[in-house]
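Following the hints, complete the assembly by docking chain S onto the known chain E.
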Amino acid sequence: MKPAFEAGRPHGASKNLEERLEPVRKMLLPCMQCGTCSGSCPNAWAMDFSPRHLWRLLLTRNGEEIFKSRTFVLCSTCYSCTLRCPRGLPLTDAMSMLKQAAAAENVRMHRRSVGFYKSFMESVRRHGRVREMEFMTLYFLSMKNPAIPLRFTPLGMRLMAKRKVSFEIPSRGMGRLDAFFRKAKAVEDQS
Amino acid sequence: MKYIYYPGCSLEGTALEYNISTKSVLGALGVKLVELDDWTCCGATAAEGTSHLLSFALPARNIALAEKMKGDLDVLAPCSACYLNLKRVEREIVLDPGLLKKINQVLETEDLVLKGKRKTRHLLDVLSSDISARDIASAVVRPVNGLRIAPYYGCQCLRPYAVFDDPEKPRSMEPILVSLGASVYEWDMGGKCCGASLMSTAPEAGIKLVAGILDAAQDADAVVTVCPMCQMNLEAYQRRASKMRKTHYAMPILYLPQLMGLAMGLTDEQIRLDLNLCVPDGFLHKLPDAQAV
Numbered sequence: 001m002k003p004a005f006e007a008g009r010p011h012g013a014s015k016n017l018e019e020r021l022e023p024v025r026k027m028l029l030p031c032m033q034c035g036t037c038s039g040s041c042p043n044a045w046a047m048d049f050s051p052r053h054l055w056r057l058l059l060t061r062n063g064e065e066i067f068k069s070r071t072f073v074l075c076s077t078c079y080s081c082t083l084r085c086p087r088g089l090p091l092t093d094a095m096s097m098l099k100q101a102a103a104a105e106n107v108r109m110h111r112r113s114v115g116f117y118k119s120f121m122e123s124v125r126r127h128g129r130v131r132e133m134e135f136m137t138l139y140f141l142s143m144k145n146p147a148i149p150l151r152f153t154p155l156g157m158r159l160m161a162k163r164k165v166s167f168e169i170p171s172r173g174m175g176r177l178d179a180f181f182r183k184a185k186a187v188e189d190q191s
Numbered sequence: 001m002k003y004i005y006y007p008g009c010s011l012e013g014t015a016l017e018y019n020i021s022t023k024s025v026l027g028a029l030g031v032k033l034v035e036l037d038d039w040t041c042c043g044a045t046a047a048e049g050t051s052h053l054l055s056f057a058l059p060a061r062n063i064a065l066a067e068k069m070k071g072d073l074d075v076l077a078p079c080s081a082c083y084l085n086l087k088r089v090e091r092e093i094v095l096d097p098g099l100l101k102k103i104n105q106v107l108e109t110e111d112l113v114l115k116g117k118r119k120t121r122h123l124l125d126v127l128s129s130d131i132s133a134r135d136i137a138s139a140v141v142r143p144v145n146g147l148r149i150a151p152y153y154g155c156q157c158l159r160p161y162a163v164f165d166d167p168e169k170p171r172s173m174e175p176i177l178v179s180l181g182a183s184v185y186e187w188d189m190g191g192k193c194c195g196a197s198l199m200s201t202a203p204e205a206g207i208k209l210v211a212g213i214l215d216a217a218q219d220a221d222a223v224v225t226v227c228p229m230c231q232m233n234l235e236a237y238q239r240r241a242s243k244m245r246k247t248h249y250a251m252p253i254l255y256l257p258q259l260m261g262l263a264m265g266l267t268d269e270q271i272r273l274d275l276n277l278c279v280p281d282g283f284l285h286k287l288p289d290a291q292a293v
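Top line first, the protein sequences correspond to chains E and S. Position 123 of the first sequence, counted from 1, bears residue number 123 in our numbering, the numbering being contiguous throughout. Position 103 of the second sequence, counted from 1, bears residue number 103 in our numbering, the numbering being contiguous throughout.
Hints were generated in silico from the structure; no laboratory data involved. Even glycine gets a Cβ: it sits at the ideal position worked out from N, Cα and C. Check the hints yourself; a few may be wrong.
[Unchecked claim] One-sided excerpt, in silico: chain S residues whose CB lies under 10 Å from chain E: (1) 10; (2) 15; (3) 51; (4) 53; (5) 57; (6) 61; (7) 98; (8) 161; (9) 162; (10) 164; (11) 205; (12) 275; (13) 277; (14) 279; (15) 283.
[To be verified] Okay, derived cross-link-like pairs now, BS3-like style, lysine-lysine, Cα gap no bigger than 27 Å in a straight line: (16) S:68 to E:185; (17) S:246 to S:192; (18) E:164 to S:243; (19) S:208 to E:68; (20) S:32 to E:164; (21) S:119 to S:101; (22) E:162 to S:23; (23) S:117 to S:68; (24) E:144 to E:118; (25) S:117 to E:185; (26) S:286 to E:26; (27) E:185 to S:115; (28) S:23 to E:164; (29) S:101 to E:118; (30) S:117 to S:23; (31) E:118 to S:169; (32) E:162 to S:115; (33) E:162 to S:286; (34) E:164 to E:118; (35) S:101 to E:185.
[What the hints assert, rightly or not] In silico negatives: residues of chain S with every beta carbon more than 10 Å from chain E: (36) 28; (37) 33; (38) 70; (39) 71; (40) 105.
Next comes chain E alone, as it looks inside the complex:
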């Protein structure tokens, strides 16, 4: 069986994950562990660590431990914690930074959420606008799990019957926003 957790590089060399956590740690230093975030989060019940607990782990443990938690991929960006944090910390942004790190390092355990975001962005890169059916097809292909598309088939059929979406074979060739995406990556890698 494959391990549930596998960073993009061999064990003991995941320096990138550590590096990516540094700005999040810095941002969260003023956290006083009051738990308002956990009490405000609509998804805290489904998380292995509450948001408050995750912030504590982030400040005291190494990177790999943090990425074994599903907490940050269960953030639905409702901004309730950000709005209420008595320290004024941008906690939703912190969750997003963890998602970005997991995406950049292709953390295997989070492939469902990482694959979803990446497939969406792939369709945007190709056409400038997201094509919903192409995006979902790319997502299903990246998951390599037939159970996932089956779950979406009834909804896909209903949407197609309404002519809101149409079946699309993912396109190839030059993308509308290729240069834009390349430049963003270059600027981001520099800083």
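This is chain S only, laid out in the frame that chain E set:
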């Protein structure tokens, strides 16, 4: 009244009826819309899940395009995710000049420059702040008297930036609903999360949020919303939520401009209730007959 219109990707696909009804209702209220030429995706929540800079550069591209247009018109976005992404650029570049510089490096590839001179407005902000409930009332020819409507705002038009409503206890839809003849269904789920993309990435978590909202709305005649993501989650997953809760949800989930269009006597083609995945006959029978007025 005139705005630069940024429909966003959903309104060309799964939320087509939101696009059509928004344009029809605003047109009937005398509001002019100029669609932003060559607009692209705002990045939704996917850009934020992959790249910090792209999550700013993608919406910024559209603001930069709007800045090239004549006049100092505001950008109007009916989709809450689009609205928040554009608003976030507007707010954050003021606080972080380094970010603006990086955004502009990316925009160079499109020969665009972001200055930060446009304001982005949510459709609900425009309807509740720029157009008065009195103006809306005077356009009503077929009041939806007796309908109990649950106003559902979702998250991203309210938070984190409190622009036009209370981010915890929103009420901006209420005067509009009253002006249509509806009664406001009292509940405290109006600003609660629908689960957003968790319905795809962690459905076991998302479905509970959907069911919680449908449960709280059970004595309403319909839920109205102003976000394509919320509308899709609440409408499309009722069967699955019913199975989980061993009940039968059959709640119409309309876009606010669809309900406005009904009360304003617009045609079926301008409202497109046929594009909603499910509007039970029971709801349609409750609507006052146009001929009777």
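Here is what the structure says about each hint:
| no. | hint | verdict |
| --- | --- | --- |
| 1 | 10 | holds (8 Å) |
| 2 | 15 | holds (8 Å) |
| 3 | 51 | holds (6 Å) |
| 4 | 53 | holds (5 Å) |
| 5 | 57 | holds (5 Å) |
| 6 | 61 | holds (7 Å) |
| 7 | 98 | holds (9 Å) |
| 8 | 161 | holds (9 Å) |
| 9 | 162 | holds (8 Å) |
| 10 | 164 | violated (15 Å) |
| 11 | 205 | holds (4 Å) |
| 12 | 275 | holds (6 Å) |
| 13 | 277 | holds (6 Å) |
| 14 | 279 | violated (12 Å) |
| 15 | 283 | violated (18 Å) |
| 16 | S:68 to E:185 | holds (26 Å) |
| 17 | S:246 to S:192 | holds (23 Å) |
| 18 | E:164 to S:243 | holds (26 Å) |
| 19 | S:208 to E:68 | holds (24 Å) |
| 20 | S:32 to E:164 | holds (26 Å) |
| 21 | S:119 to S:101 | holds (19 Å) |
| 22 | E:162 to S:23 | holds (20 Å) |
| 23 | S:117 to S:68 | holds (10 Å) |
| 24 | E:144 to E:118 | holds (15 Å) |
| 25 | S:117 to E:185 | holds (26 Å) |
| 26 | S:286 to E:26 | violated (57 Å) |
| 27 | E:185 to S:115 | holds (22 Å) |
| 28 | S:23 to E:164 | holds (18 Å) |
| 29 | S:101 to E:118 | holds (25 Å) |
| 30 | S:117 to S:23 | holds (25 Å) |
| 31 | E:118 to S:169 | violated (34 Å) |
| 32 | E:162 to S:115 | violated (41 Å) |
| 33 | E:162 to S:286 | holds (24 Å) |
| 34 | E:164 to E:118 | holds (23 Å) |
| 35 | S:101 to E:185 | holds (15 Å) |
| 36 | 28 | holds (24 Å) |
| 37 | 33 | holds (18 Å) |
| 38 | 70 | holds (23 Å) |
| 39 | 71 | holds (25 Å) |
| 40 | 105 | violated (5 Å) |
Comparing the model with each earlier hint shows violations of hints 10, 14, 15, 26, 31, 32 and 40; every other hint is respected.
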